[in-house]
Amino acid sequence: MRVGLEPFLILAAVLFSLGLYGAVSKKATVMLLMSLELMAIAININLVAFSRFVTPRTMDGLFFAVFTMVVSAAEVGLGLALVLAIYRRSRESEVDRLSQLKG
Amino acid sequence: MGALMSETINGVAFAILAVMCVGGALGMLFTKNIVHAAFWLLEVSVAAAGLFFILNADYVALVQLLVYAVAVAVLMVFSIMITLRRLEDAIRPRDFSALAAVLGVLFCSVMVYVLLAFSAPAVQKLPAVPPDIAAFGKLLFAINGWALQFEIASLILVVALVGAVWWTMEGED
Amino acid sequence: MNWLLAIPALPALAFIAMVALPRRVRNNILWLPIGAIVGATALSWAAFAQVWPGGGELTSVAWNYSWVLGVVGGRPFELGLQLDAIGAILLVTVTFVATCVQIYSLGYMHNDERIGWYYAVLSLFTSAMLGLVLADNLLLAFVTWELMGLCSYLLIGFWYQLEAPRKASQKAFLVTRVGDLGFLFALMVIYKAIGTWELTDVLSSIPTWAPGVATAAAIGLLIAAMGKSAQVPLHVWLPDAMAGPTPASALIHAATMVAAGVYLVARMMPVFLAAPAVLQATLIIGSITAIVGGLLAAVQHDVKKVLAYSTISQLGLMFMALGAASVGAALFHLVTHAFFKSLLFLGAGVIIHSAKTQDMREMGGLRKYMPITWITFLIGSLALAGVMPLSGFFSKDEILAVMLHGHNYWAFGVVIAASLITAFYMTRLYFRVFEGPEQDEHLHEGHISMTAPMVALAAVTCVIGFSSVRFAEFLGHEGEWPSLMLIAISAAVAVVGIGSGWWVYGRRSVVVNTRVYKDRLGLAYGALTQKLYFDAAYEILFIKPFIFFAGLLAVFDSRVIDGIVNGVARGWIRVSSVSWSFDGIVIDGAVNGIATLSRQAGTSLRKLQSGRLQSYQRLVLSALVVLMVCLVIYVVVKGA
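Protein sequence lines, in the order shown, are assigned to chains A, B and C.
Quick note: the first sequence uses the numbering used here, first residue 1, plus one each step.
Quick note: the second sequence uses the numbering used here, first residue 1, plus one each step.
Quick note: the third sequence uses the numbering used here, first residue 1, plus one each step.
The hints are simulated quantities; they were obtained by calculation from the structure and are not laboratory data.
Watch out, some of these pointers could steer you wrong.
[What the hints assert, rightly or not] Dumping the calculated DSBU-like pairs for lysine-lysine here, alpha-carbon to alpha-carbon at most 30 Å:
hint : chain 1 : residue 1 : chain 2 : residue 2
1    : A       : Lys-27    : B       : Lys-32
2    : C       : Lys-167   : C       : Lys-356
3    : C       : Lys-167   : A       : Lys-27
4    : A       : Lys-102   : A       : Lys-27
5    : A       : Lys-102   : C       : Lys-607
6    : B       : Lys-32    : A       : Lys-102
[What the hints assert, rightly or not] Covered, in the sense of this in silico footprint (three residues per stretch, anywhere, with C-beta under 8 Å from a C-beta of chain C), are these stretches of chain A:
hint : region
7    : 17 to 25
8    : 94 to 102
A virtual CB, placed ideally from N, CA and C, is assigned to each residue, including glycine.
All chains, full assembly: derive it from the sequences and hints.
Structure, rendered in structure tokens:
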């Protein structure tokens, strides 16, 4: 069976949506970050699939994927450092308890 | 991996990997234990790497494994451990948001619809040219390639590192 | 002959001058009105000389002139004067008496602080009377008639600070007003009949009138005369009018104003002749008045009231003469009465001034202390009683002769009876005042300014009687001396009257005690002292209902009218309170509502800012998804 481009893209879309759902609904901060990572993974799948099927020679998607991976890794590190800092300060690690900016 | 190179992608391999991805994602979202969720993330990263492999993006697959499967997942587990008092605290109540679910479903359906309705004629056939690692490396560091972005990426990493250190060091003095 | 205008004009000018000046100047300038009246007197004599020897038709005019004052309704509006025999006689009489009164007032009113005003009104009154006498049309006569009424009101109420003069002046004015309605009625009737008020035209056109017109006009004129001349039942004002200053009473209520009614009927006699029924009524009214006046005079204790009722009685006699269609007799009696009645009033003034009281019962023996007054008063009383050879005798005999002439025997009897009573009460008055024991020691004669006029009047009274025949001829009648029989009858009447008065009041040997007589007369005496209940009847018939209705109207005004006004005000207050509530509820509600809405909106919207990350995420995501869906649908629809 031959799999074309669409299945990859659909898969990526589903994964992205799942990640989106998690980002919007999870209360634990760490879960939030994990959902963000999930979205990043979905993006990467998308990029690589496009690169392979549309621009195989210039491999643009691959480069893009590498760099997004770098950025999201940095983001995760930073995020977790933030979570730890907040936890230390207020013993809270749930997003919906961190509502001091409430207006 | 060159051995797996063919003109078409094996649908079975794809199906398995796809199931692993989605299932892992679902598992991550719907488990009550956040430690388990971290491991589900790990599993999804691995499945994604597999997908990269069947897409002949070896380098990206390996980088994926290194970064996500090892560094990110470990990092997650560590932070979880630090923020937990007891092991039992890992078990959180199920938090389900209907609104989020609706939004997610809507989003997904729109995306899929658009994909299916507006995409160019389906590219079924896998282009014969495989990605070339050597060329990839050359391009990565070439000045008229991706060298600039490379430098910027490293800069980002430095900044993030400094920031992270600063955040975590702040309360200790 | 245009100087005739000066006769009424001189006193009128004196009046205007006096009124225009302030009180201090006015009180010191009394030679002005006196000079005016003296001038008028002189001119009146000149006018009389113009008419002499007279003897023409009653309606013939010696002189007539009118000044056109303007045009009213297409007709020229004229002020006219005429001089004829009747007018000439009255001119002389009125001015003479007025002069005497004004000179007398110098002494009598000497210390009064409003003497200037007194003289001013007196002058105005004289001017009005003279104007009435000289008027050549009925409208002018009416105007001067009213003017006299006004002056009478002012003079009676001269001492308005006291209650009695105030009420008396109002009473006089209102009662004579009733008479004035009659005058107005007559004016309207005459105008309707012939369209003019010129006396000559009116009197000469009588034969052309429709049958009832003369009767209607005569009735109106009779009523007017009754009011002014105090005939029953409109006589009630005259006794109360004695609250005014005595010289004013002498002029107005003895000589002139009350005579105006007689003058009017005399002047308009042709009208009355055309309405014999009214003449008969005049006779009857005169008879009643003569008797009633006499009876009431006999029971009064106030000197002036006696004289007042006496005047009423004598006026009744004059009306009787008129009722018998004799202008000559009536006017002769009017003239003689003017002289001796004013003399009596002036004398009464001196008596009151000196004895400080008006009540006869507190006086006595004044003869010794005021000889001039005594003599002159005596002359006047005898004249009134009709004693030969004083003027009153002659004029009364004229009336008796007229009655006999017209075969009015019962009227003859009435005159006899009235004369009897007159003699009786005058004797009573005389003896009470001048004779008998003294009750007060501080009595003195009047000042010469008061006694001189009295002497003058007394002199005239003595003499004028002998002119009776000439008088009648002057007026165009045949005159004759009274017959012997008549002289005998009237002499007997005088003796009986005076004698009975002496019997009751004058006998020195008997202590005067009238209580016995009063008890014998009983009810009659009671009725007489109550003025025959005339005033009481008027009180019940007219005054009480009037006040009752006035009270009703007052209640109506305060309840209904004020109620309406207050109701409108209250309604307006309600409306404005509704408006206020509207403002409070609706307008403020809207304003406050907006504020509340803002606050609630803010409070609600604030919940959006939960501070929770995922809320924001969901919001943004929702927006994004919605946009995406819309875009897709749009593209699909457009593409399709």
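Quick rundown of the hints versus the structure:
1. About 12 Å separates the Cα atoms of A:Lys-27 and B:Lys-32, which keeps this hinted pair within 30 Å; it holds.
2. Distance check on the hinted pair: C:Lys-167 and C:Lys-356 sit about 23 Å apart at the alpha-carbon level, within 30 Å; holds.
3. For the hint pairing C:Lys-167 with A:Lys-27, the CA-to-CA distance comes to about 112 Å; that exceeds 30 Å, so the pair is violated.
4. The hinted pair formed by A:Lys-102 and A:Lys-27 meets the criterion: a straight-line CA distance of about 17 Å does not exceed 30 Å.
5. Between A:Lys-102 and C:Lys-607, the direct Cα distance comes to roughly 8 Å. Compliance with the 30 Å bound is thereby established for this hinted pair.
6. Pair hint B:Lys-32 plus A:Lys-102 holds up; C-alpha atoms about 28 Å apart against a cutoff of 30 Å.
7. Given a C-beta distance limit of less than 8 Å, the hint that chain C covers the region 17 to 25 of chain A holds, as 4 residues qualify and 3 suffice.
8. For the region 94 to 102 of chain A, the proposed coverage by chain C is satisfied: 7 residues have a C-beta within less than 8 Å of a C-beta in that chain, meeting the threshold of three.
Comparing the model with each earlier hint shows a violation of hint 3 alone; every other hint is respected.
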